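*Asks:* If you want the building blocks of each chain, they are given just below.
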Amino acid sequence: MNPAYSVILFTTASGAGYGLLALLAVFAAAGVLPASTWLGFVGIGLGVALVAVGLLSSTFHLGRPERAWRAFTQWRSSWLAREGVAAVATFVPIAVFGIGWVFLNDTSGAFAWAAAATAVMAFVTVCCTAMIYASLKTIRQWNNALTLPAYLVLGLATGALLLVLVSALFGVYRPAFATLAATLLVVGLALKIAYWRHIDTEQPRSTLGTATGLGRFGEVRLLEMPHTEENFIMREMGYAVARKHARRLRVVAGLALFVLPLILLALALWSGPASVLPLGALATLSAGLGVAVERWLFFAEATHLSMIYYGRTG
Amino acid sequence: MTSLPTVTGDKRLGLVIDLDTCVGCHACATNCKEWNTSGHSAPLTDVNAYQAEQRGVWFNRVFTYEVGGQGPAARTVHFPKNCLHCEKPDCVTVCPTGASYKRAEDGIVLIDHDKCIGCALCSWACPYGAREMDEHQGVMKKCTLCIDKIYNTNLPEEDRTPACVATCPSKARHFGDFADPESNVSQLVRERGGFDLMPETGYRPTSKYLPPRTGNGAASAPRKLEPAPDLANAGKFLRWVDRVLSR
Ligand code: SF4
Ligand code: SF4
Chain P
2 MNPAYSVILF
12 TTASGAGYGL
22 LALLAVFAAA
32 GVLPASTWLG
42 FVGIGLGVAL
52 VAVGLLSSTF
62 HLGRPERAWR
72 AFTQWRSSWL
82 AREGVAAVAT
92 FVPIAVFGIG
102 WVFLNDTSGA
112 FAWAAAATAV
122 MAFVTVCCTA
132 MIYASLKTIR
142 QWNNALTLPA
152 YLVLGLATGA
162 LLLVLVSALF
172 GVYRPAFATL
182 AATLLVVGLA
192 LKIAYWRHID
202 TEQPRSTLGT
212 ATGLGRFGEV
222 RLLEMPHTEE
232 NFIMREMGYA
242 VARKHARRLR
252 VVAGLALFVL
262 PLILLALALW
272 SGPASVLPLG
282 ALATLSAGLG
292 VAVERWLFFA
302 EATHLSMIYY
312 GRTG
Chain S
343 MTSLPTVTGD
353 KRLGLVIDLD
363 TCVGCHACAT
373 NCKEWNTSGH
383 SAPLTDVNAY
393 QAEQRGVWFN
403 RVFTYEVGGQ
413 GPAARTVHFP
423 KNCLHCEKPD
433 CVTVCPTGAS
443 YKRAEDGIVL
453 IDHDKCIGCA
463 LCSWACPYGA
473 REMDEHQGVM
483 KKCTLCIDKI
493 YNTNLPEEDR
503 TPACVATCPS
513 KARHFGDFAD
523 PESNVSQLVR
533 ERGGFDLMPE
543 TGYRPTSKYL
553 PPRTGNGAAS
563 APRKLEPAPD
573 LANAGKFLRW
583 VDRVLSR
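Chains P and S, in that order, are what the protein sequence lines are.
Heads up, the first sequence is in the numbering used here, so the first residue is 2 and it goes up one at a time.
Heads up, the second sequence is in the numbering used here, so the first residue is 343 and it goes up one at a time.
Just so you know, the hints here were simulated from the structure itself, not pulled from any lab data.
The structure displayed is predicted, hence computed values, not measured ones.
In this text, a Cβ means the ideal position worked out from N, Cα and C, and glycines have one as well.
Accuracy of the hints is not assured; some may be wrong.
Simulated pairs of lysine-lysine, DSBU-like, Cα-Cα distance not exceeding 35 Å [unchecked claim]:
#: 1; chain 1: S; residue 1: K513; chain 2: S; residue 2: K375
#: 2; chain 1: S; residue 1: K430; chain 2: P; residue 2: K138
#: 3; chain 1: S; residue 1: K430; chain 2: S; residue 2: K457
#: 4; chain 1: S; residue 1: K578; chain 2: P; residue 2: K138
#: 5; chain 1: P; residue 1: K245; chain 2: S; residue 2: K375
Chain P is nowhere near these chain S residues, computed Cβ spacing over 12 Å in every case [what the hints assert, rightly or not]:
#: 6; residue: R403
#: 7; residue: Q412
#: 8; residue: R502
#: 9; residue: D519
#: 10; residue: R532
#: 11; residue: E533
Covered, in the sense of this in silico footprint (three residues per stretch, anywhere, with C-beta under 8 Å from a C-beta of chain S), are these stretches of chain P [as the list claims (entries may be wrong)]:
#: 12; region: 65-73
#: 13; region: 132-143
#: 14; region: 205-219
#: 15; region: 269-275
#: 16; region: 299-308
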C-alpha cells in the first residue's frame, strides 16, 4: 500500500497525543500530578495539538476535504466514521477536564470524572483508528489480531515518553513515569517482533489461481497488462518495498523506536532527576522518528489482494 | 446509508463473462468508457490523455493470462474485469459518508458522487480492484452496470443492456437477473459451471465467470510433418525434374 505521508503523520501524532492525554488524565485524577496551571496548560495543550495536527493532516489526502463533515454519518457500519465521531466526542471531556485543571486548579470530583472519560475516549478513538486497518480483509498484513494492540501500545508508549518530558519540565517527574514508558516500549517491541514474524510466515490464501478461477487448469501467469501506464489501483495498492530494504528499515525502526529510548530511559532512571530532561527529550525524538518509520513500513509492507491480478506474486 | 440492505429485492442483476469466447479485443472496455464518460458517472477523467504517463478512470480492464505452464500445452485466456456487484461487499460498509451503497431493489453497487469525500477507503476494501479515483473530481468512480442505460425507457428495449455487453463481438458477456433461476445468466452458470472470483474473500460476487472449455488435446501436441518422398523409388521423369530444379 502506498504510504501517504499525511496518514503516517496522522496516526503517529494522534496516537502520541491520545496516549499523553490519557496518561495525564489518569495521573491527575489519581492525584499523582499536581493541578497546577502551567503543567496542565502545556501538557494538555501538547496532547490536543498533536491530536489536532493529526486530524487536520488526515483530511489532506481527501479528494473533497470540504465535505469531510459527511464522514461522521455512517458510524453504524464504518470504522472511519466511528473514529471521526469518537475523535470529536473526546474533545468534550478534554475541555471539561482541561478547564478544571488549568483555570480552576482542580482535578478532583467532577473533573476527575471528566479525566476518566478523557482516558476512556482516547482509548476508544485509537481503537477505531486501528480497526480501520485491522478490519480490511483485503490486506493480510493489517487484517490480524496484532494490529490493534500495536496501535494502542505504541500510542501509549510515545505518550508516556512525552509525559516523562513534560513532567521533568515542571519538576514533577517521578521515576515511575520512566518505568512505565520503558515497560510499554518493551511490550511494543515484543508486539512488533511477533507482528513481523506473523506477516513473514503467514501463507497468503489467495493466488492468481483463485483470483481468476483458472488454477484448476494449472499454473496461471500474467501475459499482458490491461494497459501500458500505471493506473490508480497500481499506484495506491501496488507500492512495494524491496524485502532487503524492509529488513533494514525494521532494524532502524527497532533501534530508534525501542532500543535507543530504552537505553536512554535506563540512564535517566540510574542517573537521577537532573538528567531526565535531556535524556527524555532524546528518547522522545528517537521514538518519534522510529514510530514514523514503523508506520511507513506498516503501509509499505502491506500487500493488497487486487495486485494479484496485476501479476504480483508472494 | 452504507449498511447493506437488509431486505433483498426481486432482482439481483449482474454479468456472466465467458472466458472461453473472449478474444481480448478490449471493445467492452472502450465502449464502457465511451458510454460512462457522459452518463451517471460523467466524466471519466483522463489526465495526460495524449502523452506519456496517462492516467484515467476506467471501469473495465482486460487482462491476459497464460494458463497451464508454457509451451504447447499453455493456453491464453483473456480476462475482462469490472465490479462484480458483490452480495457482501465491504466497499459499501467501510464508507464513512454513505456515498457508497448497494441498492436493495436490484443489488447494484453505486456511488453517490455528491456525497463522496474521496477518502479512497472503499477502493482499499475491494479485493478485485474495481474502484478508481477520479483525481480531477476528487471522488471515487466505479461500474454502475450502466444504470443509466439498462433502465432508460428512451432506448429501444433491446438496447437496455450494459455497454460492454452490447458491444462484445464474440458474445462473451451476458447481462441478466441472477434471482431468476430461469434467466439467461442463471442457465449459463448452471450449464457451464460458472464460478466466483476469489471465493475465499467471502464477498460473494453476483457476477460470474465461465471457464474456458477444455479441448480434446489434439491441438496441444505438435504435429509431425511427413518426410519428403524418397527419390530412389521415383520414376525417371520425376528424377529428371528433381535434377533440373536442384541445379
Ligand atoms: S467488486 Fe469491489 S467494488 Fe464491486 S461490489 Fe465487490 S467489493 Fe465492491
Ligand atoms: S472514497 Fe467516497 S465512496 Fe469511497 S469510502 Fe470514501 S467517501 Fe465512500
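*Asks:* Of all the hints numbered above, which does this structure not satisfy? Sort the numbers upward.
*Replies:* 4, 5, 6, 7 and 15
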